[in-house]
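Join the two chains, each given in its own frame, into one complex according to the hints.
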Amino acid sequence: MSIRAVRRLQNDVRVFQARIVFSVVLLLLAVAALVVRLVYLQVVGHEHYATLSQDNRVKIAPLPPTRGIVYDRNGEVLADNVPSYSLELVPERVDDLDATLAELQSLLGLSDEEVRRFRKLKGQHKSFESIPLKMRLDEEQIARFAVKQPFFPGVQIAVRMIRTYPYGELTAHAVGYVSRISEADLKTLDPSLYSGTYHIGKSGIEKTYETLLHGRTGHQELETNVQGRSIGVLNTVPPVPGADLRLSLDIGLQRAAIDALGEYNGAVVAMEPATGRVLAFVSKPSFDPNPFVYGIPKEDYGRLQASPDRPLYNRALRGVYPPGSTVKPFEGLAGLEVGDLPADRRVSCPGYFQLPNSSHQYRDWRKGGHGAVDLKSAITQSCDVYFYKLALSLGIDKLSEFMGRFGFGKRTGIDIPGELPGVYPSKGWKKKHSKDPWFPGETVITGIGQGYVGVTPVQLARATAILANRGRVVIPRLLDAAQGGAGAAAESGGDTLAFAPEHWDTVIQAMIDVVHSARGTAKSIAAGLSYHVAGKTGTAQVFSVGQGQKYRESEVSKEMRDHALFIAFAPAEQPRIAVAVLAEHGGHGGSVAAPVARAVMERYLNGSAR
Amino acid sequence: MRYDSGLAGFSAGETRLERIMKRIHIDISLFAGLITLSGVALVILYSASAQSFDVLLRQGIRLLLAMSVMLAIAQIHPRHFRFYSPMLYGVGVLLLAAVLVMGEIGKGAQRWLDLGVVRFQPSEILKLAVPMTVAWYLSECPVPPAFRHIAVAGVFIAIPAGLIAKQPDLGTALLVGAAGAMVVFLAGIRWLYLLVIGGAGAGLLPVVWHFLHDYQRDRVLMFLNPEADALGRGYHIIQSKIAIGSGGFYGKGWLQGSQAQLEFLPEKSTDFIFAVVAEEFGLIGCLGLLAIYLFIIGRCVHISIQAQDAYTRLLSGALTLTFFVYVFVNTGMVVGILPVVGVPLPLVSYGGTSMVTLLAGFGILMSIQTHRKLLPG
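These protein sequence lines are chains Z and E, in that order.
According to this note's numbering, the first sequence is numbered sequentially starting from 425.
According to this note's numbering, the second sequence is numbered sequentially starting from 105.
If we strip away everything but chain E, and leave its shape as in the complex, we get (with noise of 0.2 Å):
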């Protein structure tokens, strides 16, 4: 353990860059993964949307967005999200419970929320005021935590995640409550609750099974064997799975994907774009990219290794695990090894709603990286 006893937050191996980047609360090597790997996300739109500089030039405004909430929220110091977790979460339910009221009135799904200005989905908030909210009630837990604080987590838990998948929403749903619940793991929970919640869990699937409408089992059934589904889902997966096969070792070469550039390969461009990455630069491409990914969940596991307090541990250590989930949500299913549902591959794939939200996740990330006052070697 080494002590810094001159200024707070210092420590003497420090260079003149990183004392720089410190004040401005920016984490060097969290920030150098994501700005690599959007420029390579920039550079694999351009071919799976066709070449076309207009959705390049959205998709790069959107990032240059996001980018700039993650810096902004990077200077708020934790303690302020500790404060402001419940409050974030009150909101985030009202506005889903409006968003349900709304959509009771125009008679369909709505997710959307619109203020005029801008539109924005309300479960976008819950992926991280979920989190943020069972670590601001666990965080005060003793370890392991008692089976009355797990329930508390798990109604904290289940309200938004009923209320998104009300919506209906079940995929956003899920990852909410994956969200909340890495919390209720890392917290400590015990193996033997652990086992017991899981076990309930499946016990209660033949129950949910049989209140299910035939067509929604068809649904699952569907959900569980795509390639029962060949025209529907099940199209993607095959040609899909053309893409990356076709790719090789080296892939086809940049622009030169006959999967992609010819159309045969639907939602490419956004679910699918890992089949472009494979077709185009095969292995090596898909390799690389994977190892982006994993410097970035890598720097963010010491990230929270280091943090501090009960709080910043669980919210960083739960942010970092629902980013891998979702990496590996979407590459499983294009690689078809996990079944179809709509996750977007994280900051590579086309569209912005979920971009602002993964960034001010690192956001939180960094900022409880550059708060630090001890520093501990």
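Chain Z extracted, bound-state conformation (with noise of 0.2 Å):
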């Protein structure tokens, strides 16, 4: 070995033994920390463990936080908390549950079914626990239970904080409710997180800020004595109450839609444009959801389900409609943009579009055709065959490329969970979906939102709002502000549609016309406006009309007869609201969707609905 070689060797066992040293060190000190936790524990505080000790005394008791409350933008409380009085086992306190259970099932006359939940809750919490058997007991229960009460140990009657939904019906599908914790929920529930409560956001608000809301649990350490009953309390963690939150809805305004549907079923969206805040979000019919938070009883739940109007069907959210002539604005925009039209290029509509070699028909609403129609004209008057025409000339992939950028066919990321994206078809969506190849046709009346396309309500009130805002984009919110700040409205949007003022001028101007000329589809709503209104109505086929069959509504059943749909924003100069209406089989969009708007945009802008 070479002296260097040797005094490598040396060098390396030194740094080796500094290296053990230092780590001998370390653990001398990890062993002392032990040994002084261990002094601390079983010299200072052995007297008062061995009290807790003795003979075991200390039992966990979780505390369940309050659940936040939601008010609407005006402080309206939405979904509150109040005591309800429940009937609750401690199952480990009871001597013979089954014998308990039948003997209370009779006492007050309680269902097998919810004798089968009670066996399923218990199932999911620890024996100490307090399990509820029976919810909103009444004046009479509680009395008939009180004076058996000494016969049932370790049955009591507790004051619980139950949600409950003042407005009911009218925020079912926007505010969502709360329920049961289900056994699909503790999957993906932290269990310790959720001890001590029982109910979880299902829907709608309720579920998309169910975190916010629920708040974290507290507990109590209970000194008990031999037959477990608490005899004190060692120490308390208080639990977190859930955050408030205020939504953006304005309840007066999701009245007043509500009731300006009047007899049809539908869904009215309203919005801030600059602000993607939602201001109403109806679906109409809709549902009680109170009975949902302490357990809607069987059959009644099959009644909802079964009822052919669909009430808890959220139309806004879920329901995909032909958006019919509503996109004609924003193809118009694809045209000046992307396809060179100029708008001054007249188009002759002389009622009906053929495609080259074929003798179908592609009729216009209006019999006798518009005659030559500039892009401003043909968004007022409705034409038909010149955006037949526009379409075919982009071709579909470039319209549904343009279209895409409105959102049409995505979803809008709105905080109510269970969105659907809707449609606007493309070659290679087809091609994904069918065997068969993209027909001109298909092209054609894409052109005047029937075919394929498929838009949701809260789809079509987000393009309307990007519209108001000349190409800002923003994502529809329900959340204003969460107490202390937490998870309040994010900035929503982002990306800006840098199209020409000019193009954006004349789309705007010929929907005004819409409203505002004599012309204009929806002139009937125009009568006392102290503002203008931009807007654009349409009438979505359910069913095609055979070639050479003449669609008369009086002839159709209700079923068959079309929706009518209006979109609109105002005032058009300085938009503060944008509104998507949907009247299902309302027939034409001008007569019975577009005062549904008018009385929105009214009671928003003026405080009162006309």
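Do not take every clue at face value.
[Stated by the list, open to error] Heads up, incomplete: computed chain E residues facing chain Z, CB under 8 Å, no partners named: (1) 176; (2) 352; (3) 357; (4) 360; (5) 363; (6) 390.
[Claimed, not checked] Going by beta-carbon spacing under 10 Å, a handful of chain E positions derived as facing chain Z: (7) 247; (8) 421; (9) 424.
[Claimed, not checked] Negatives, chain Z to chain E, calculated, CB over 12 Å: (10) 432; (11) 490; (12) 645; (13) 927; (14) 942.
Hints listed in this document are in silico derivations from the structure and should not be mistaken for laboratory results.
Ideal Cβ placement from N, Cα and C applies to all residues, glycine included.
Listed below in structure tokens is the structure:
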């Protein structure tokens, strides 16, 4: 071995030994910490812990937090907590559970389902936790049980805060509801976070903001005697109540919208274009969310599900409808921006359109046609032939890409769960969904928002808001602010569709003419307006009328009648509200849907409905 | 320095017993320490298992099996460990990958590999293979190792640790990572690098935090503050504290711990068995148990200081420190100075999975000690 090699070896050993010494010092420090802790617990704290352990006295009881309250923009309470009396059992304190349950069932007239539900709950919780058997006891049940209480050890009447929705049907689709925690929920929940909590948000705002609304569970360390009865509280970690939420929703506006829909089912979504804040979110018909909180009886739920009007179905969020002519302003922009079609190019409308080499006639809604129309008059009078030709000249893929920028065929990202994306077709889309190729005729009818096109009302409202913003994209939001600032409405949106200002002017002016000019399809709502409304009517075919046949409203059954649509924003020059209205089987957009939008806008801008 | 002139490996001062033990490659001190610990462990376990002979018997059989493995491994010359280190590592990583793939099919966390006769956890192999392989690699590098050597060692550690974390078994992944890190530390990594790596790790934490789901963040917060989770893991801590504190100086006596015997203490025969010791044998008992551990660790430190080449130095040192980490993490968690993680108390907790690995590690240490050629005084 050379001298150098020996030196290196010595160095290596020296470094290693230094590291070992360092480690041993750390190790001894760690052991010292351990010993200090042991001395602290076993010598200093011995008396305290010895008392606690005497014949084991410590039980831990969860303290569920109170759920946050949900308010509308004006401070009206949309979701509240009210005390409710419930009959609860602590399984480990009940001697014969089956017998006790049977006696209670006959004493209080409980249904088999309620008992079954209790058994399920029992499996999900620790045996020392108090588990509700019957919620919302009435006075008589309380009295009957109170007399017999001594015969039921481990059974007690407890006061719990129960969710109520004072506006019931009015808010069911937006605010949603809470319901008992199901087994499926338990798979995704942290059980200790939810011990003592029996409800969880199932839909709407209640579901989206569950974490905020729920708060944090606290607990009590209880000193108990041999029978398990609590004889004192050793330590309390208070629960942190859930945050109160303020929504941008205006309950007055919500009611105005529902009232304005009158006899029709449908949806109304109103937004603040600048922020994306949702002002009204209506899906009609609706249902009372309150029974869901304490467990809706099976037959009632069955009735709701079987109802032909489908009240549980959130039309605003999940209803995919053909948009009809409401897409025309957006397509007009497409023509100007990506199609190089000047606004003053005139197209002749003889009342029908034919593809070359085809005898099929694509009809205009006006039998005699509109004559020669430019873009503005085509929008104002809703000329179909103009948009047949426009769609065809752009081609489906270009059109589809452009419409996608307004969010057609995409989820808006609104803070209510369950949204559907709708469809704005392209060749690629059809390839995925059908074995047939794309036909030119399908491009033609896409031009008037028919065919494969399907939009949700919330999507339509957002597209309208982007139009009102002249391109600034926003995301619809119901949450305005959460108590404590946490989770306050994020500045939504981001992108801006940078189109030529004169193109926006052309389209928006045409939409103003829809309402305010003599030939506009929604001129009937103009009377008495103190501001300009920019709007567009739509009438969406639910079924196709055969070639050479005539569509007569009076002759078709109600279920086959066209859907009436209307989109609008106002004041046109300084938009403060954007609205999308859909009235199922309402017939014409101008006569049925437009007045609903007007009622909403009037109420919001002038504080009264007409 | 005293060099042996006669038979290689035999020094004049050895007794007859020492000579015999040396020939069959048993390190008497270490063996005595382990036997004492195992005996004490069975006594504690009998109490912690509510006096179950069945549990005692099963643990005893496991112990005998693991001891045999230890003695068998002690017969192997350290150069063979060194030669087979990368292969063992490769096999271990492949098995981990296999477990992940099969787990994928089974749709769930899977840590076990079923070999028909035996089921075993490949991650156990890596507890040894990672320090072996990093020692194999770094023993060839200059001291202190250059940055690129550290980087390579980091990759050796990160691959199995990542695979184990994916199972998901974060606790074992951290322990395997720690075993590798010990080697890197002992190999003389520059303090500057250590600071940089530590700093980078700390700097990455907020980024990791950002990518966690809400419920994962809740878990971490609970980790940091188990008392906030009194209904879950915190429940253990509270009951464990009562058990320890009520034990006092002398303890309540064997089989007399009310917390342990009345089933208020959860996991009392596995992760929380130290609380049983504290309740029944008091501070005296705890210090006694710690003393046994410290004796074993001291002997291992001695072995690693005496080790004759870089590979055996690094490996024995890392195995020793890792063993201490196991002891400290478990006891620290039970007494409430460390977050609750599922690490058993080595050789005392009920369960056989880690026992074989642990004693195999001691087998390696014995081999390193008893195969030395030169005997510096």
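Evaluated hints:
Checking residue 176 (chain E) against chain Z by beta carbon gives a least distance of about 28 Å; that is not within 8 Å, so the hint is violated. Interface restraint check: residue 352 (chain E) against chain Z, minimum CB-CB distance 4 Å, threshold 8 Å, status holds. Nearest Cβ of chain Z to the Cβ of residue 357 (chain E): about 14 Å, over the 8 Å cut. The hint is violated. With its C-beta approaching chain Z no nearer than about 12 Å, residue 360 (chain E) sits outside the 8 Å limit, and its interface hint is violated.
Interface restraint check: residue 363 (chain E) against chain Z, minimum CB-CB distance 6 Å, threshold 8 Å, status holds. At a threshold of 8 Å, the smallest CB-CB gap from residue 390 (chain E) to chain Z is about 5 Å, leaving the interface hint in force. The interface hint given for residue 247 (chain E) holds, since its Cβ lies 5 Å from the closest Cβ of chain Z, which is under the 10 Å cut-off. Of the supplied interface hints, the one on residue 421 (chain E) holds, with its beta-carbon coming within about 6 Å of a beta-carbon of chain Z, less than 10 Å.
Checking residue 424 (chain E) against chain Z: minimum C-beta separation of about 9 Å stays under 10 Å; hint holds. For residue 432 (chain Z), the shortest C-beta to C-beta distance to chain E comes to about 8 Å, within the 12 Å cut-off, and the non-interface label is violated. Listed as a non-interface residue, residue 490 (chain Z) keeps its Cβ farther than 12 Å from every Cβ of chain E; the least gap is roughly 18 Å. For residue 645 (chain Z), the condition that its CB be more than 12 Å from all CB atoms of chain E is violated, with the nearest at approximately 7 Å.
With a minimum CB-CB distance of about 41 Å to chain E, residue 927 (chain Z) clears the 12 Å threshold, and the non-interface call stands. Residue 942 (chain Z), annotated as away from the interface, keeps every beta carbon of chain E farther than 12 Å; the closest lies near 57 Å.
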